[in-house]
Amino acid sequence: MTATLVIRRGTAGAPKVERFEVPFVPGQTVLDGLRYIRAYADPTLAFRFSCINANACKECMMLIDGEVEYACTTRLRDGEITLSPLPKKTLIGDLVTEIAPPDERISYATKR
Amino acid sequence: MIKFETDVLIVGSGGAGMYAAIEAAKCGASVILADRSLIGRGGATVMAMMTVAAAIGAQTPDHWERHLADTLTAGHGLCDEGLSAILCEDAPARILEMDAWKVGWAREDGHIKQAHAPGHDRPRCVYVDFLNTGPAVSKTLRRHVQNGSSIRRIGDLCIVDIAIEDGVACGATAIHMETGEAVILAAKAVVIATGGLTRLYRRNSASLNMAGDGYALALRAGAPLIDMEFVQFFPIGHLAPRLVGLDPIMWDPFRYKLGGILLNGQMQEFEQRYAAEDGRHEDGRHDGTYVLTRDLATYAIIKEVEAGRGSPAGGAYLSFMHVPEAELRRAFGPVIDTLARNGIDLTQRPIEVAPIAHYHMGGVKVDTRFESAVPNLFACGEAVGGANGANRLSGNAITEALVFGARAGRAAAAAAGKLSHRWQPSASAATLDLLGRRTTAVTVNPAALIDELQGIMMDKVGPFRTQNLLDEALTDIDRIARAIGTNPMASGAPFDAVLIDWLDLRNMVLVARSVTLAARARLESRGSHQREDFPSLDPRWQFNQIVNLRGGRIELAADVRREQSRSVTQPLADIPA
Numbered sequence: 000m001t002a003t004l005v006i007r008r009g010t011a012g013a014p015k016v017e018r019f020e021v022p023f024v025p026g027q028t029v030l031d032g033l034r035y036i037r038a039y040a041d042p043t044l045a046f047r048f049s050c051i052n053a054n055a056c057k058e059c060m061m062l063i064d065g066e067v068e069y070a071c072t073t074r075l076r077d078g079e080i081t082l083s084p085l086p087k088k089t090l091i092g093d094l095v096t097e098i099a100p101p102d103e104r105i106s107y108a109t110k111r
Numbered sequence: 004m005i006k007f008e009t010d011v012l013i014v015g016s017g018g019a020g021m022y023a024a025i026e027a028a029k030c031g032a033s034v035i036l037a038d039r040s041l042i043g044r045g046g047a048t049v050m051a052m053m054t055v056a057a058a059i060g061a062q063t064p065d066h067w068e069r070h071l072a073d074t075l076t077a078g079h080g081l082c083d084e085g086l087s088a089i090l091c092e093d094a095p096a097r098i099l100e101m102d103a104w105k106v107g108w109a110r111e112d113g114h115i116k117q118a119h120a121p122g123h124d125r126p127r128c129v130y131v132d133f134l135n136t137g138p139a140v141s142k143t144l145r146r147h148v149q150n151g152s153s154i155r156r157i158g159d160l161c162i163v164d165i166a167i168e169d170g171v172a173c174g175a176t177a178i179h180m181e182t183g184e185a186v187i188l189a190a191k192a193v194v195i196a197t198g199g200l201t202r203l204y205r206r207n208s209a210s211l212n213m214a215g216d217g218y219a220l221a222l223r224a225g226a227p228l229i230d231m232e233f234v235q236f237f238p239i240g241h242l243a244p245r246l247v248g249l250d251p252i253m254w255d256p257f258r259y260k261l262g263g264i265l266l267n268g269q270m271q272e273f274e275q276r277y278a279a280e281d282g283r284h285e286d287g288r289h290d291g292t293y294v295l296t297r298d299l300a301t302y303a304i305i306k307e308v309e310a311g312r313g314s315p316a317g318g319a320y321l322s323f324m325h326v327p328e329a330e331l332r333r334a335f336g337p338v339i340d341t342l343a344r345n346g347i348d349l350t351q352r353p354i355e356v357a358p359i360a361h362y363h364m365g366g367v368k369v370d371t372r373f374e375s376a377v378p379n380l381f382a383c384g385e386a387v388g389g390a391n392g393a394n395r396l397s398g399n400a401i402t403e404a405l406v407f408g409a410r411a412g413r414a415a416a417a418a419a420g421k422l423s424h425r426w427q428p429s430a431s432a433a434t435l436d437l438l439g440r441r442t443t444a445v446t447v448n449p450a451a452l453i454d455e456l457q458g459i460m461m462d463k464v465g466p467f468r469t470q471n472l473l474d475e476a477l478t479d480i481d482r483i484a485r486a487i488g489t490n491p492m493a494s495g496a497p498f499d500a501v502l503i504d505w506l507d508l509r510n511m512v513l514v515a516r517s518v519t520l521a522a523r524a525r526l527e528s529r530g531s532h533q534r535e536d537f538p539s540l541d542p543r544w545q546f547n548q549i550v551n552l553r554g555g556r557i558e559l560a561a562d563v564r565r566e567q568s569r570s571v572t573q574p575l576a577d578i579p580a
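In the order they appear, the protein sequences are chains A and B. Yeah, the first sequence ends on 111 if you go by this note's numbering, and it's all consecutive. Yeah, the second sequence ends on 580 if you go by this note's numbering, and it's all consecutive.
Careful, some of the hints might be misleading.
As the list claims (entries may be wrong) - No more than 35 Å apart at the CA atoms, straight line, and that leaves these computed lysine-lysine pairs for DSBU-like:
#: 1; chain 1: B; residue 1: K421; chain 2: A; residue 2: K88
#: 2; chain 1: A; residue 1: K110; chain 2: B; residue 2: K6
#: 3; chain 1: A; residue 1: K110; chain 2: B; residue 2: K142
#: 4; chain 1: B; residue 1: K29; chain 2: A; residue 2: K110
#: 5; chain 1: A; residue 1: K110; chain 2: B; residue 2: K116
#: 6; chain 1: A; residue 1: K110; chain 2: B; residue 2: K105
#: 7; chain 1: A; residue 1: K57; chain 2: B; residue 2: K421
#: 8; chain 1: B; residue 1: K306; chain 2: A; residue 2: K87
#: 9; chain 1: B; residue 1: K116; chain 2: B; residue 2: K6
#: 10; chain 1: B; residue 1: K29; chain 2: A; residue 2: K57
#: 11; chain 1: A; residue 1: K15; chain 2: A; residue 2: K87
#: 12; chain 1: A; residue 1: K110; chain 2: B; residue 2: K421
#: 13; chain 1: A; residue 1: K87; chain 2: B; residue 2: K6
#: 14; chain 1: B; residue 1: K116; chain 2: A; residue 2: K88
I should point out that these hints are in silico values taken from the structure, not numbers from a laboratory.
Required output: the full structure, derived from the provided sequences and hints.
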């Protein structure tokens, strides 16, 4: 089976939308798809994740078909799936947003 | 360039790093707690599901020396007994402190409940229901780290190298993930709390940042590593059907609480057959004249698969079909719903399991103050080698994070109190030069090479090893090292995926070589290190191997402290790094 991931990429000043075909077997997740793209299609694709599939770190949150979801627990399916960075957070690049608490950022640490 | 000054820099904010920060701050030190991920969310601690061993004697009378005896037995003669004793003696104080901090250890009849995990002589392991030990420990420590006003927490900060001046640690050089800018951290003492290396393997229970960063940082700083050949494989890691939202090692707690039957692809029990063939007890102790140390379940599953009797996905079945649904629900509550969302109903059919890289016994060689051979460079948690010898006792990993974290934090603060800052531009010059050489000519895909390296390590440096496969692995690793070259590849974009993967590979190649060389040199089977071509434990090998990086070459030696009474020639190998 093949999913088409339609990904909003780039920075706030230079946004773009790119499409990637991702082969999968049932049960695989959006995060699996993103890691596949990174390794076999475009090594520059940026997204946050840490615990991979345990849903423990909560870092892979993004907009999936318009809903806030974890990429690690959302399953791939046939057809198009649109991915965008979280809309209410400052965009860093691609699917990465500034989600750290304000007092855990380098900009805060430099003021102390 | 951004530059920070602090008394103590802690690299990594899992359980060990957070405990170190809390204790160092209590001792009056200023602290920077840095993590390449978000603070207190990456690493291994947050993923732990169940057991934390400590002789608190709440369930049955206990003494830390009993815990120590079990730890040393599991370690098969290779434990650094000073570290093991600290682990077991301090454990009750840390567990009770976490209890006072309201972590929520499971209780029964008014006392903290302790489970009886394999290898322990009595019920000793505390936990938080349901399968919530790691998240609860992380959350509790995060709260205390946030309360420490002298602790600066900085996420998205990836440490590239320890800064060294005159052979002494004086800080670190990092990149800020968001901007790719270099960051200088001047520190009087540095604590490596980066966890283990299981991301080197294709099948692993690790998070993204468990690729051996700390071992590579220590080696390049000049600090020796110990016991690098001892990678623990967990026999019944989840294999199929695809399961998300749970740690793949979750089936162990299920077996403690409910039992669970391992079956091969023909739905036949097989563990007993291997136990009988091996002529030994399951706990790996001597039986007759033939001393076998194989982890029975891992060995039996792999051999059944090789014989064509594996489950469809290439492992074994694990069945709980004998357990009534009400009992499943009582023991694991909401976890049963998570399983249902994955299409798994344990009353209807078995799941499939197979061995998975889970923990690293080896690591930075430290003294009982948790200082490495490099002055002012400390380590704690899984990053430390020695306490667990050739195999780790179930339940000792989180204990080690808390106990060693607290100890290292105190020791680093004490060291920092006597020192002035020693960082100078020359201490970061080589790393800044490296980062300055980054190129957007991306000639290979670093993420694909990481996948390839994970496959090599799984297939050739996995639970069962041979000379031929280890030789092949070294050749393969060299090929990957040549492919990535010496100039960092980068996309140049914010949160630079190419640069991070390249820097990870730089560490992974060094650590993979360390594991493979140590595994190739050890001509016996002991604990988690199993050689198909040397299947017995050999008493002449009852010593630890040390890995050093000198002049860009990895050198392997016998540990002099233990080696004095043995007849072993050193160095054992000297292979180009």
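Subject >> Which numbered hints fail >> reply: 1, 5, 7, 8, 9, 14
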